[in-house]
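Student: Here's the letter readout for the chains.
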Amino acid sequence: MKNKRFAIVLDTRKCIDCKACTVACKAENNVPLGRDNYRNWVDQGEVRGTYPHLGQTFTPGQCMHCANAPCDHVCPTGATGVNADGIVTVEEKKCIGCKYCMTACPYNARYYNEEIEAVDKCTFCAHRVYQGRLPACVETCPTKVRVFGDLNDTCSEVSLLVAKYPHRVVKPEMGTKPYLYYII
Amino acid sequence: MTAIAKRPGELLWFALLGAGVLIGAVSAVTVLIKGHAHVYNVTREIPWGILIATYVFFVVSSTGLCLVSSLGHVFGIEKFELIGRRAIILAIITLITGFGAIGMELNHPIRMGIYTILSPNFASPIWWMGTLYGLYLALLCGEFYFLMKGHHKGAFALGMIGFIAAISAHSNLGAVFGLLEARPYWHGSFLPIYFILSALVSGGALVALFVYFNHKFRGIDLPDHYQEFMVSLGKLQALFLTILIFFVIWKIIPGLYGQPPGKYEATMATLTGPLAFNFWFFEVLIGLLIPVTILLNRATRTPFGVMVAGLLSTAGIFFMRYDLVIAGQLVPMREGVDGLVNGLLTYTPSITELGIVIGAMAFCLLLYSIAEKFLYLGEQKH
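Chains U and H, in that order, are what the protein sequence lines are. When we follow the working numbering, the leftmost residue of the first sequence carries the number 1, and every step to the right adds one. When we follow the working numbering, the leftmost residue of the second sequence carries the number 1001, and every step to the right adds one.
None of these hints come from the bench; they were simulated from the model. Take the hints with a grain of salt, since some may be wrong.
If you want a taste of the chain U side facing chain H, the calculated C-beta under 10 Å gives, among others [as the list claims (entries may be wrong)]:
(1) 49
(2) 84
(3) 85
(4) 98
(5) 100
(6) 106
(7) 119
(8) 157
From a predicted model like this one, the values you see are computed outputs, not experimental measurements. Just so it is clear, CB atoms sit at the ideal spot from N, CA and C, and this is done for glycine as well.
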């Protein structure tokens, strides 16, 4: 059987910047309080136009689960690893806290978690996904910005979305081959 | 053994260093009790702070001392043989101090000891950094042993391998930064090469300091051959510094030309932004221009002048390390990060971080002073 290849497709036009995804993620994954501690985020773009014709884009994001992950290359102890299904993981007990992965990630997707004593990041809620459930951020989103699924399944919703719509990835010039696809 | 004469000055010196070490120890204990996140000012966006800069400063010094001393007992420039023992013991001490500084920045130094061996990632420049510097430390210790025993062949052989290890370890340290594609200010082959050259400047400056102050503290006038050595060292330093000035210029130009994204903002942060005072005053004026002026002028290229130039370069180089480490992280990786000032992130070292830096410097000088007191580190008697 072919491996799964997990991905998230996002439609930023639907994002209302409610940050429910960030709250759900924090609760689901025991992310500590504090400015630096989050696994996912909503970036606010600059306000476009002049009053009364204004527009603004909100761009949710998280670890891009890159196919060519710089964090994986630089980790001196192999604490960072990549599963066969593409999920980039951190093995806590091996993390020495050198924070090299944090300087290597072009998306600033990682932070040091004082409670688990290791660098932490989005895992696509692997513990839920492996039980057939959706990641917390996907499940909670009121406007269904994020769609999660297996790109190796040609009939999955993510496969259909990337086939149907033109899409982009963030910082393609970094060569990281991210698996978060943005429709607009 | 030439013991330092019992003088109030000596007591004061050791008291001062003791106080510095105490500040460092209190800071280190604070970190252990409260945790890194509560006492360091490093953030998610700027995870490497002044302790990494301090680490780089010390290991660059170590490499530089090894390279300059190898001019004598490896490359056969006789004038440089007289500094061999002092240079190598100080190279060992600065390296250990550097390890201490990075040890305080790491969250889990013990896990490092275990998992760099059990679960190595050979693709990681930091894995190579630990391994190569570990090897380099062992070679320095062996080289020091042979130098103390007056075993020329042994010192030559280990000195030669140590020289290669020093260059490998140190250029690899440049690669720790240079292989990060996400950080355009660091990325590329410039840093590995630049680190080797700047190590020579660091090493030369420290040699000038220990030669001068060893005699000063013992109340001895510099013997003729040491005076000649200082003048030759001054000429060599002038050469190293002049080349380094061009390295600094060529670091800047590609950062400005065509305003390459990421690199341009970081370069401007050093030229006109938050690091501008550090750059222009400490790096350029104190670290490069004044020393090179002193050293190129025959009238000021005296042992005293060479020492002053060394002192100024050493101070300037500390800021060079700091600016390099911080500038590479000031440009945010994403738009919409909190707390940007003029589009850049901010970092100011915390009191605890500064305490550890002071402690590291005092610890290094204290160990060296103790070595001077108990070991004969002068030139070998033939």
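Student: Please list, smallest to largest, the hint numbers that this structure does not respect.
Tutor: 1, 2, 3, 8
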